[in-house]
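So the sequences go chain by chain: A and B. Residues in the first sequence are numbered from 1 upward in steps of one, following this note's numbering. Residues in the second sequence are numbered from 1 upward in steps of one, following this note's numbering.
Any given hint might turn out to be false.
Treat identical chains as interchangeable: a pair holds within one or across any two.
[Unchecked claim] Listed below are the simulated BS3-like cross-link pairs for lysine-lysine, each with C-alpha atoms no more than 27 angstroms apart in a straight line: (1) Lys204 to Lys283; (2) Lys96 to Lys297; (3) Lys156 to Lys84; (4) Lys297 to Lys84; (5) Lys136 to Lys156; (6) Lys204 to Lys174; (7) Lys299 to Lys203; (8) Lys273 to Lys203; (9) Lys204 to Lys299; (10) Lys297 to Lys179.
No lab work stands behind these hints, which were simulated from the structure alone.
Number of protein chains: 2
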Amino acid sequence: MSLIDLSKHVALGIDIGGTNTKFGVVNHRGEVLEKGNLRTDEYEKVEDFIDALYEKVHPLIEKFGKEKNFDGIGVGAPNGNYYKGTIEQAPNLPWKGVVPFGEMMTAKFGMPCTVTNDANAAAFGEMLFGAARGMKDFIMITLGTGVGSGIVASGKLIYGHDGFAGELGHTIVKPGGRKHWSTGSEGSLEAYASATGIAITAKKMRAEFAESMLNQYPEEEINSKTVHECALKGDPIAIEVFRYTGQKLGEALANFVMFSSPEAILLFGGVIKAGDFILKPAKLHMERNLLPIFRNKVKLVFSELDEADAAILGASALVWEK
Amino acid sequence: MSLIDLSKHVALGIDIGGTNTKFGVVNHRGEVLEKGNLRTDEYEKVEDFIDALYEKVHPLIEKFGKEKNFDGIGVGAPNGNYYKGTIEQAPNLPWKGVVPFGEMMTAKFGMPCTVTNDANAAAFGEMLFGAARGMKDFIMITLGTGVGSGIVASGKLIYGHDGFAGELGHTIVKPGGRKHWSTGSEGSLEAYASATGIAITAKKMRAEFAESMLNQYPEEEINSKTVHECALKGDPIAIEVFRYTGQKLGEALANFVMFSSPEAILLFGGVIKAGDFILKPAKLHMERNLLPIFRNKVKLVFSELDEADAAILGASALVWEK
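Could you build all of it, start to finish, from the sequences and the hints given here?
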């Protein structure tokens with residue numbers, strides 16, 4: 001009989017974002033033994049990015065490889081595809097088209113590399129080590145510059161037939177509504193509930209109400225942070241910006257609940273700093289749009305992990321799952 | 001080594017509808033060896049329904065039990081709950097509240113009974129024996145008096161944490177839109193794309209256009225069948241009724257695709273007799289609302305099985321799966 005000593009096994013988890021890439025050496029208990037980062041947007045060619053990553057990471061592999069088994073690399077990236085190991089048409093990354101990222105990493109590092117969507121990786125991290133520990137059915141929504149999502153059903157990430165499932169930010173909450181700055185679609189959740197969408201709402205509303213405190217800021221400083229500051233000072237227009245955002249979010253969440261009936265919806269990302277200003281209307285409009293059998297059952301909770309940490313943990317865990 | 005002779009095993013599949021209940025003795029190959037039915041709406045008390053069902057079914061169990069193993073009973077019912085074996089608050093059934101249907105069946109029949117949602121049962125039947133054979137990711141939508149759905153991801157039915165996942169007919173496609181006659185929600189898919197919804201649309205549109213052929217029918221004869229007749233004769237208003245229905249359906253389908261990225265969407269039920277009058281606008285508006293990575297990938301197909309047959313086959317197969 002041979003027992004595997006899990007404490008001797010580590011993996012590298014990588015979270016690729018539009019601006020920064022973060023990585024960590026992680027063990028089975030979800031402990032990040034060492035961390036690092038590099039800029040993503042400095043590398044126009046993916047080959048150069050991988051070379052730069054190698055320079056930073058190789059010493060760690062050498063170091064930990066001496067006494068532990070380095071089992072592989074897990075990557076969370078925008079439009080990362082679990083089945084194919086590719087990063088495809090990611091609008092926020094400098095590398096265009098279909099990038100065979102996993103293959104390129106394996107060729108460079110000489111070890112297996114698993115790729116998935118960044119939000120999926122974060123959801124997986126939350127399930128193993130964060131606020132969704134022990135849950136088998138939940139949805140994670142990241143409210144950042146964009147709106148990302150990861151869906152877990154019966155303890156498994158939903159990938160869909162092609163690996164691209166879980167683009168909830170692009171579901172339409174208001175047909176014929178606000179045009180998305182990048183996709184061109186009309187009325188998507190991301191157009192309203194992302195930081196970018198909130199800034200648009202705030203600029204529209206302050207233009208209508210001269211008395212709003214929001215008018216004390218120059219155009220380029222109108223963002224979810226300054227709206228939050230004004231809301232905290234009691235500005236009714238700033239509060240209305242978040243209420244409207246929360247309503248659109250809540251309406252979308254109701255539809256998601258009637259799809260997969262999750263135990264909880266986990267919210268992540270910079271926008272959730274607005275707290276109850278968004279959460280209360282979101283909860284209200286979610287409940288209002290639900291069939292009675294779903295009402296007052298779904299927990300709306302904030303993530304317990306830092307977003308990048310969750311993705312690093314989830315990405316590294318994928319190495320062992322696969 | 002002992003091999004199980006599958007040909008010797010049969011199960012009873014039951015599809016409970018608001019008006020009729022159909023049942024069949026099914027083998028592992030999906031062959032319905034014997035069929036029967038009874039009225040659902042004649043039994044105000046669920047005990048009386050089960051007694052009447054027993055009278056009809058018991059002779060079959062005796063007959064097949066002589067030479068085959070009768071392994072159990074699978075039930076598909078509106079608001080059937082897979083985890084609890086209950087039928088809960090089903091608006092179209094005479095039995096109110098939470099009915100412990102599975103337990104009651106087991107007590108009466110002396111064999112295990114699995115309960116699930118009727119649409120889930122039909123989806124499972126389609127996966128094993130119908131148009132979704134070999135697919136691991138698909139969504140089944142029933143467009144009948146109401147709009148039902150069953151969702152399969154990675155080869156498994158999505159039940160959610162409480163067994164109620166997949167109420168896609170109640171997702172909101174037009175916030176603040178048409179009020180649902182039974183749930184009271186505003187702008188749900190069912191309010192537009194069910195037979196009931198189509199009749200409402202047709203009555204509204206014919207009132208606006210005196211020249212429509214639809215005005216040749218008395219109010220109570222306006223339904224998806226008569227609208228179809230007028231559309232076939234070239235009535236532009238009847239065609240517009242289906243186009244509008246198809247648009248709402250297509251917008252909803254786009255959101256579903258961005259959730260679970262299915263290989264196909266299977267359409268079922270009486271409304272699909274309208275064929276391309278609905279399917280073409282549905283396809284158009286689905287594609288239009290999808291992110292590019294999802295476009296021109298998802299098959300929109302009609303079911304190959306009769307709806308009740310699919311549910312009977314799926315329900316009986318659940319006996320062996322569980």
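**Asked** Between copies, within a copy, both or neither: which fits Lys136 and Lys156 at Cα up to 27 angstroms?
**Response** Both: 7 angstroms inside a chain and 14 angstroms across chains, each within 27 angstroms.
**Asked** When no copy is named, should Lys297 and Lys84 be tagged within, between, both, or neither for a Cα gap of at most 27 angstroms?
**Response** Result: close only across copies, 16 angstroms inter versus 36 angstroms intra.
**Request:** State whether the alpha carbon distance between Lys204 and Lys283 is at most 27 angstroms within one copy, between copies, both, or neither.
**Result:** This pair counts as within: shortest intra-copy Cα distance 24 angstroms, inter-copy 34 angstroms.
**Message:** With identical chains, the pair Lys96 and Lys297 could be close in the same copy or across copies; at 27 angstroms between alpha carbons, which is it: within, between, both, or neither?
**Reply:** between (42 angstroms within a copy, 21 angstroms between copies)
**Message:** Within, between, both or neither: how does the pair Lys297, Lys179 come out at a Cα-Cα threshold of 27 angstroms?
**Reply:** The answer is between: 24 angstroms across copies meets 27 angstroms, while 33 angstroms in one copy does not.
**Asked** What label fits Lys273 with Lys203 when the C-alpha limit is 27 angstroms: within, between, both, or neither?
**Response** Result: close within a single copy only, 19 angstroms intra versus 48 angstroms inter.
**Asked** Should Lys156 paired with Lys84 be assigned to within, between, both, or neither, using CA atoms and 27 angstroms as the limit?
**Response** Both ways: Lys156 and Lys84 sit 18 angstroms apart in one copy and 22 angstroms across, limit 27 angstroms.
**Request:** At 27 angstroms max between alpha carbons, let me know whether Lys204 reaches Lys174 within a copy, between copies, both or neither.
**Result:** both (17 angstroms within a copy, 23 angstroms between copies)
**Item:** Lys299 and Lys203: within-copy, between-copy, both or neither at 27 angstroms Cα
**Value:** neither (32 angstroms within a copy, 41 angstroms between copies)
**Request:** Classify it for me, Lys204 with Lys299: is the Cα-Cα distance of at most 27 angstroms met within a copy, between copies, both or neither?
**Result:** Neither: 32 angstroms inside a chain and 40 angstroms across chains, both beyond 27 angstroms.
Comparing the model with each numbered hint stated earlier shows that hints 7, 9 do not hold.
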